[in-house]
Amino acid sequence: MKRLVLLRLVPTMALSMFGGHCVAATCSVAAGTVNFGAYSPISGSVVNSTATVAVSCIDYCSCTFGSYTVALNAGTYGTLGTRQMGTSTLRVNYNIYKDSAYTQIWGDSTSSTFTNSGSYAFTCAFGCVTNFTAYGQIPASQTTVQAGSYSSTVTVTVTYT
1 MKRLVLLRLV
11 PTMALSMFGG
21 HCVAATCSVA
31 AGTVNFGAYS
41 PISGSVVNST
51 ATVAVSCIDY
61 CSCTFGSYTV
71 ALNAGTYGTL
81 GTRQMGTSTL
91 RVNYNIYKDS
101 AYTQIWGDST
111 SSTFTNSGSY
121 AFTCAFGCVT
131 NFTAYGQIPA
141 SQTTVQAGSY
151 SSTVTVTVTY
161 T
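Numbering (my numbering), first residue to last: 1 to 161.
Worth flagging that the hints you see were computed from the coordinates, not collected in a lab. Just so you know, not all the hints are guaranteed correct.
Taking CB as the label site, the calculated pair distances span [unchecked claim]:
1) 149 <-> 128: 36 to 42 Å
2) 129 <-> 42: 40 to 46 Å
3) 148 <-> 32: 19 to 25 Å
4) 146 <-> 117: 34 to 40 Å
5) 103 <-> 35: 19 to 25 Å
6) 58 <-> 151: 31 to 37 Å
7) 38 <-> 89: 18 to 24 Å
8) 58 <-> 148: 38 to 44 Å
9) 119 <-> 90: 39 to 45 Å
10) 153 <-> 102: 33 to 39 Å
11) 67 <-> 144: 39 to 45 Å
Keep in mind the model is a prediction, meaning the values are calculated, not measured. Yeah, the Cβ is synthetic: ideal placement off N, Cα and C, and Gly gets one too.
Using the sequences and the accompanying hints, generate a full structural model.
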C-alpha cells in the first residue's frame with residue numbers, strides 16, 4: 001500500500017470596484033484538504049476524495065449584485081491536464097474536477113479546463129456563503145509509484161466582477 005495524503009488548497013482573492021459602487025466590502029475563501037489516504041498502484045482502482053471550497057462575502061456599503069469565478073492553478077507539480085503530487089523525483093498523477101462525474105477538470109479556463117462561478121445579491125450587511133466541491137481523483141494502475149508520502153499545494157483564486 002502506498003500512502004498518499006494532503007493536497008492543500010490555498011485561497012487567494014482579487015477584489016474589484018466597478019461603476020462607483022462597492023462590489024464587496026468583505027470577502028473570504030476557505031478551502032479544505034483533499035486527503036486521498038492510501039493508494040495501491042496494483043489494485044487497478046482509482047482513489048477519489050473531496051474537499052469544500054467556501055466563498056463568503058458581506059456587503060457593508062450598499063445593496064449590490066456581483067459575480068465571481070473560482071479558479072485553481074496546476075499545483076506544485078505537473079500541469080492542469082495532469083496534476084502531480086510528490087517531490088522533485090517521486091510523483092503520482094492526480095486531478096481535481098468540478099463535477100462528480102470527474103469529466104470537467106477544475107482549472108483556470110485554459111487547456112480545456114473549467115472554473116466554477118457564483119453570484120451574490122445582498123440585503124445590506126447580510127452575507128452569504130457558497131460552497132463548491134472539489135472532486136479529487138488519482139487514476140488507477142500507476143505502477144511506477146513508490147511508497148512514500150505525497151503532497152501538492154493548489155492555489156484557489158477568486159476573481160470578483
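Now the hints, each set against the structure:
1. 149 <-> 128: 36 to 42 Å: 37 Å, holds
2. 129 <-> 42: 40 to 46 Å: Because 42 Å falls inside the window, the suggested range holds.
3. 148 <-> 32: 19 to 25 Å: Cβ of residue 148 to Cβ of residue 32: about 23 Å, so the range 19 to 25 Å holds.
4. 146 <-> 117: 34 to 40 Å: 39 Å, holds
5. 103 <-> 35: 19 to 25 Å: At roughly 22 Å between Cβ atoms, residue 35 and residue 103 fall inside 19 to 25 Å, so the hint holds.
6. 58 <-> 151: 31 to 37 Å: 33 Å, holds
7. 38 <-> 89: 18 to 24 Å: 21 Å, holds
8. 58 <-> 148: 38 to 44 Å: Given about 43 Å between the Cβ atoms, the range holds.
9. 119 <-> 90: 39 to 45 Å: Hint holds: Cβ distance 42 Å, inside 39 to 45 Å.
10. 153 <-> 102: 33 to 39 Å: For residue 153 and residue 102 the Cβ distance comes to about 21 Å; the hint is violated.
11. 67 <-> 144: 39 to 45 Å: For residue 67 and residue 144 the Cβ distance comes to about 43 Å; the hint holds.
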